[in-house]
Amino acid sequence: MANTEEPLLEVRDLKKWFPISKGFFQRGVGYIKAVDGVNITVQPGETLGVVGESGSGKTTLGRCITRLYEATSGEILLRVGDRVLDVTKIKGDDLKLFRRSAQTIFQDPYSSLNPRMNILETVGEPLLVNNIAHGRELEDRVTEMILQVGLRVEHLRRFPHSFSGGQRQRIGIARALVVQPKLVVADEPVSALDVSIQAQVLNLLQELQDKFQLTYIFISHAMSVIRYVSNRIAVMYAGRLVELGDKTEVLTHPRHPYTEMLLNAVPRFSERRVIKRGVTRGEPPDLGNLPPGCVFVARCRYAKEVCKTTPPELRDLGSGTIASCHLADELELTGIRGAAV
Amino acid sequence: MAVNTNGTKNPLLIEVQDLKTYFFLHEGLVKAVDGVSFEIREGRSLGVIGESGCGKSVTAQSLMRIVPSPPGREVGGKILLHLRSKDSNVEEVVNVLELPPNSAKMRSIRGKKIGMIFQEPMTSFSPLHTIGSQIMEAVLIHEKNIDKKTARLMTIEMLARVGIPNPQRLVDAYPHQFSGGMRQRAMIAMALVCGPSLLIGDEPTTALDVTIEAQILELIKDLQEEFGMALMYISHDLAVVGQMVDEIMVMYMGMTMEYAKTDDIFDDPLHPYTVALWRSIPKVEGKLERLRPISGTLPSPYAVIPGCPFFSRCESRMKGVCDAALPPLIEAKPGHKVRCFLYGTSSAVSQGNDAAGNN
Amino acid sequence: MTESTKTPATTPVAKPEAVNLEDAVLVGGKVSAEERFYYASQWELIRWRFSRHKLAVFSLVVLVIIYILATFAEFFSPYTVDTRFDGFQQASPSKVHWIKPGGGFGPYVFAVKRELDPKTFRFHFKEDTSQIYPIKFFVRGERYKFWGLFYTDWHLFGIDGKQPLLLFGADKIGRDVLSRTLHGARISLSIGLVGVMISFILGVILGGISGYFGGVVDDVIQRIIDFLLAIPGLPLWMTLAAALPRDMPTLQLYFTITILLSILGWTGLARVVRGKLLQLREEDYVLAAKGAGASDWRIITRHLLPGFTSHLIVSLTFNVPGMILSETSLSFLGLGIQPPAVSWGTLLQDAQNLVAVAQQTWLMIPGLWVIGTVLLFNFVGDGLRDAADPYSR
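Protein chains in written order, with the numbering used here: chain A, 1 to 341; chain B, 1 to 359; chain C, 1 to 393.
The shape of chain A in the complex, shown without the other chains:
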């Protein structure tokens, strides 16, 4: 759904560095560059899939966007009504307005609900702290929300321990949506669920997106899930955005060697009892000690001299794709042919 409307969210050169302290006096000796210069725009109503492995910075990115972490530098511009808020700088009333406009769905159904609060209290909390509703009205709105996510009225006063993983995830979804946000960051919302439950929650998320006109940033490490939910895909590696483009383009014609490696590492049903040799190699870099040039250089089979010395810029490569690779114009990379929709 990439249209030429004004974007709902614009992330500019976002950086989140965590200081490393060592020694008796806790001196700062360096930084873990969890997110190191990410530029992304998100159109209203679309689902942007953010895919990456551990250490890619995708979760940190999500948390910076919803201001659960404070960004180290950069801008995050969210359109609310006819205003544009810079999430990194807002305070007070603007911050409150922001909290009602962007919410998070968390990964772990077992730690995302306070075990000592029942469902009414948990899902009602955002309404309560934002002074949106109280008492009877709060209960009505919460009831409506949990019915939307497929739970029942009698669940309202139960505690989290009486629910399964899939149901808990639904409660988390209800909590995120009860304030009617515009933007929802879903951080691995199905990764901790059983395979057959994942489909229920994925379908629910799509239903709710249509019903409430939501915009999703969907973070996952699973390519198959990203393929199912996304309109566009952003690929992250070691805190950088390495590729961003239309779903089918990225899946079938990747422009970054890491994307190619990732796609080819994913097990496919069409390849039975066959392991491709030499598809992947190496391990992700140490985020506290990144190489000077391209972050992927140690594992890249195409690396040249320039890759070792100069970090590549994100470039527009046409057909809606941007990638950060010096060799993007020359390389012919293979994706997943059967992934074309």
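Mixed in with the good hints, there may be bad ones.
[Stated by the list, open to error] Pairs of lysine-lysine residues, derived as DSSO-like cross-links and limited to a Cα-Cα distance of at most 27 Å, are as follows:
(1) Lys105/B with Lys20/B
(2) Lys261/B with Lys276/A
(3) Lys9/B with Lys112/B
(4) Lys333/B with Lys78/B
(5) Lys162/C with Lys95/C
(6) Lys276/A with Lys221/B
(7) Lys261/B with Lys78/B
(8) Lys287/B with Lys211/A
(9) Lys182/A with Lys96/A
(10) Lys20/B with Lys261/B
(11) Lys261/B with Lys333/B
(12) Lys136/C with Lys95/C
(13) Lys221/B with Lys261/B
(14) Lys89/A with Lys290/C
(15) Lys276/A with Lys287/B
(16) Lys113/C with Lys95/C
(17) Lys9/B with Lys261/B
(18) Lys148/B with Lys112/B
(19) Lys20/B with Lys333/B
(20) Lys182/A with Lys290/C
(21) Lys91/A with Lys15/A
(22) Lys290/C with Lys96/A
(23) Lys290/C with Lys15/A
(24) Lys162/C with Lys126/C
(25) Lys91/A with Lys290/C
(26) Lys113/C with Lys162/C
(27) Lys172/C with Lys162/C
[Unchecked claim] Partial selection, computed: residues in chain A whose CB lies under 10 Å from chain C:
(28) Arg99
(29) Thr104
(30) Pro126
(31) His161
If you are wondering where the hints come from, they were derived from the structure by calculation, not from laboratory data. C-beta: ideal position from N, C-alpha, C; glycine also.
Got chain A sorted already, so can you dock chains B and C onto it with the hints?
Just chains B and C now, kept in the frame of chain A:
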């Protein structure tokens, strides 16, 4: 030992017959494994697919006799291990269930004949000892006439074989100094250093990133061929299992639901659970269709269910038939077994509307 | 492997009927019990699990009984703390008999005569079987002021007659050990509670600040704790106690001792609180509350604090016996409560020499009460700790 990897009749390595492992809990009885039968031949591989609670891990634990007991216990069935000496002349068939779990014989089987790798490598290694010393310990326990020096050399060699760089140095490193992928490799090294005939992997790559997973899967496959080992690969990830094994067994609520060659499971799944599972998982290839979740939820593990355990969620269920009796595991096609009344019954119980003319 | 000889078929041989799929229903559940489980809040769950620990429940009941005995010590004891019985110094415990000569069932003691053994120069008490003193219940005995409110003279049990009933024997000046033990329980048991309460407040506040804010504040507080923990306990108490003026009134002394004990006791609690806070801060539900816009205060009170209240209670339960033991030790050494005030520690002073231990073994009975109380607290703490474990999985 030349192993015929695509031959049909390699010699039998392990036969599991009607295995039952129950957990006797305060809250009730959990029939974690309730009548599972399969066989693995030398050099061949079996994948076990199922979701959490289906009993796949407990099956593997029963093979190794490491089921926590109490509260668990194997209450029925046989696990026949065919032990062959090096020259494959003398064969000894041992029912592993008859051996006390801590007996010398069982301990010599565990590690030397059967190796196991787990999902979380940290649970295999003590954080207080070096990786090398732990692997060496495995060697020294199982190989009687080897001195420490040789054991260390074997360890270093094994670490090199599993792809750990600088093995001579890293053999003296501690587990926390290894990355996730490296630890997994070290765990594989420890499982294989004594050259077992069967390697069991219980979700060994589930916690790994996909690019690391690919390397580990490649490693396991290579080692399997090189050692002529049999492989039992347990996972909930159908795609991974499809790449690794010749045959697949689908489990649900402690029972085998379908058991066939990999190609047959993917191309012609028979059991409604297998079909439903297939339809509910997102895929990277193929037509992008709306996922169809399996309706309902897993029954409580304490529930006593007469009839087919999948009845409550099955789209093809037949009231009066499927909830009245447990379908037996039958061979619906050559080499393709399924537990479902849709495909007829054997001479077992059949009531009411049943399969036409197949009794 | 069981195989059937059916003709194989690739298409289902039976046609399934069209069905409406409803949600799976749990088979064989007892709905009401399950429902109660679902609606149970954390406290109810903890109570349930605790009640399954027979030993812990029993210990709790006995502890409550002991505290009741201490609270109403004057009623439960036959005599007051300083009633002396001439001629009964160092008397051994009265023997209680049940079958009356001449028929009848009921507790009684014989009259005793004190005789001097010529060989050992020790007194021993010979029973005169001609006279019995039945033990009566709800008797009127010595007068006392009930909780400083009003005078009364009801006691739970006692005997008529000139002879004292000495169920735990008498000390070297003829006072009833049982009465003194029960009265002494007051100080010993309450110091435990009061001291722990002070530690609790200090520990929660300082541990909370440490854990929630982190950074420099955390470092400073942790180093203070390290410092305090490094000081050897007993010498410190001895020094502090020795510095106290000898003639301090008992009540003041009592509170000073309590405060001294608490100063060292809060460190353990602070550590527990800090550790728990650090862990809870990372839980997703705390982040979610932050994301919903909850204030720091709300996060602390509604999301963090409830998370470790149960652990705090467990910690407290384990701290109380420590305090009791500390007070007993201090008083035993003469550094804490001073006679004539009575605590188990001062009572044990009488048992400080070998002669007493060998010949008047009953003087060590207060020690048994200390051991018993400490054990009971530990059992209750064990039960609480097992019951309070995270249950969300």
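Taking the hints in turn, this is what the structure says about them:
1. Under the criterion of a C-alpha separation no larger than 27 Å, the hint pairing Lys105/B with Lys20/B is consistent with the structure, at around 22 Å.
2. Note on Lys261/B and Lys276/A: the hinted pairing holds, with a Cα-Cα distance of about 21 Å set against a maximum of 27 Å.
3. Under the criterion of a C-alpha separation no larger than 27 Å, the hint pairing Lys9/B with Lys112/B is consistent with the structure, at around 24 Å.
4. A C-alpha spacing of about 25 Å is found between Lys333/B and Lys78/B, which places the hinted pair at or below 27 Å, so the restraint holds.
5. At roughly 16 Å between alpha-carbon atoms, Lys162/C and Lys95/C fall within 27 Å of each other, so this suggested pair holds.
6. The straight-line distance between the Cα atoms of Lys276/A and Lys221/B is roughly 11 Å, inside the 27 Å bound, and the hint therefore holds.
7. About 23 Å separates the Cα atoms of Lys261/B and Lys78/B, which keeps this hinted pair within 27 Å; it holds.
8. Distance restraint check for Lys287/B and Lys211/A: the Cα-Cα separation of roughly 25 Å lies within the 27 Å cut-off, and the hinted pair is therefore satisfied.
9. With a C-alpha separation of about 14 Å, the suggested pairing of Lys182/A with Lys96/A holds against the 27 Å cut-off.
10. Under the criterion of a C-alpha separation no larger than 27 Å, the hint pairing Lys20/B with Lys261/B is consistent with the structure, at around 24 Å.
11. Restraint check: the Cα-Cα separation between Lys261/B and Lys333/B comes to about 11 Å, which is no more than 27 Å; the hinted pair holds.
12. For the hint linking Lys136/C to Lys95/C, the alpha-carbon distance of about 15 Å falls within 27 Å, and the restraint holds.
13. Using a Cα cut-off of 27 Å, the hinted pair Lys221/B and Lys261/B holds, with the two alpha carbons roughly 18 Å apart.
14. Between the alpha carbons of Lys89/A and Lys290/C the distance comes to roughly 17 Å, so the proposed pair stays at or under 27 Å and holds.
15. In summary, the hint linking Lys276/A to Lys287/B is supported, as the alpha carbons are separated by about 23 Å, within the 27 Å threshold.
16. Note on Lys113/C and Lys95/C: the hinted pairing holds, with a Cα-Cα distance of about 13 Å set against a maximum of 27 Å.
17. For the hint linking Lys9/B to Lys261/B, the alpha-carbon distance of about 14 Å falls within 27 Å, and the restraint holds.
18. Using a Cα cut-off of 27 Å, the hinted pair Lys148/B and Lys112/B holds, with the two alpha carbons roughly 18 Å apart.
19. Simply put, Lys20/B and Lys333/B have alpha-carbon atoms about 26 Å apart, close enough for the 27 Å limit, and the pair holds.
20. For a cut-off of 27 Å, the pair hint linking Lys182/A to Lys290/C stands: about 18 Å separates their Cα positions.
21. Our distance criterion of 27 Å between C-alpha atoms is met by Lys91/A and Lys15/A, whose separation comes to about 20 Å.
22. Of the supplied pair hints, the one linking Lys290/C and Lys96/A holds, its CA atoms being roughly 11 Å apart against a limit of 27 Å.
23. For a cut-off of 27 Å, the pair hint linking Lys290/C to Lys15/A stands: about 21 Å separates their Cα positions.
24. With a CA separation close to 16 Å, the supplied pair Lys162/C and Lys126/C stays within the 27 Å bound.
25. A C-alpha spacing of about 14 Å is found between Lys91/A and Lys290/C, which places the hinted pair at or below 27 Å, so the restraint holds.
26. Annotation: proposed proximity of Lys113/C to Lys162/C holds, straight-line Cα distance about 12 Å (limit 27 Å).
27. For the suggested pair Lys172/C and Lys162/C, the alpha carbons sit about 19 Å apart, so the restraint of at most 27 Å is met.
28. With a least beta-carbon distance of about 4 Å to chain C, the hint placing Arg99/A at the interface is held under the 10 Å criterion.
29. Of the supplied interface hints, the one on Thr104/A holds, with its beta-carbon coming within about 5 Å of a beta-carbon of chain C, less than 10 Å.
30. A cut of 10 Å between beta carbons decides the hint on Pro126/A: the least distance to chain C is about 4 Å, and the hint holds.
31. Checking His161/A against chain C by beta carbon gives a least distance of about 6 Å; that is within 10 Å, so the hint holds.
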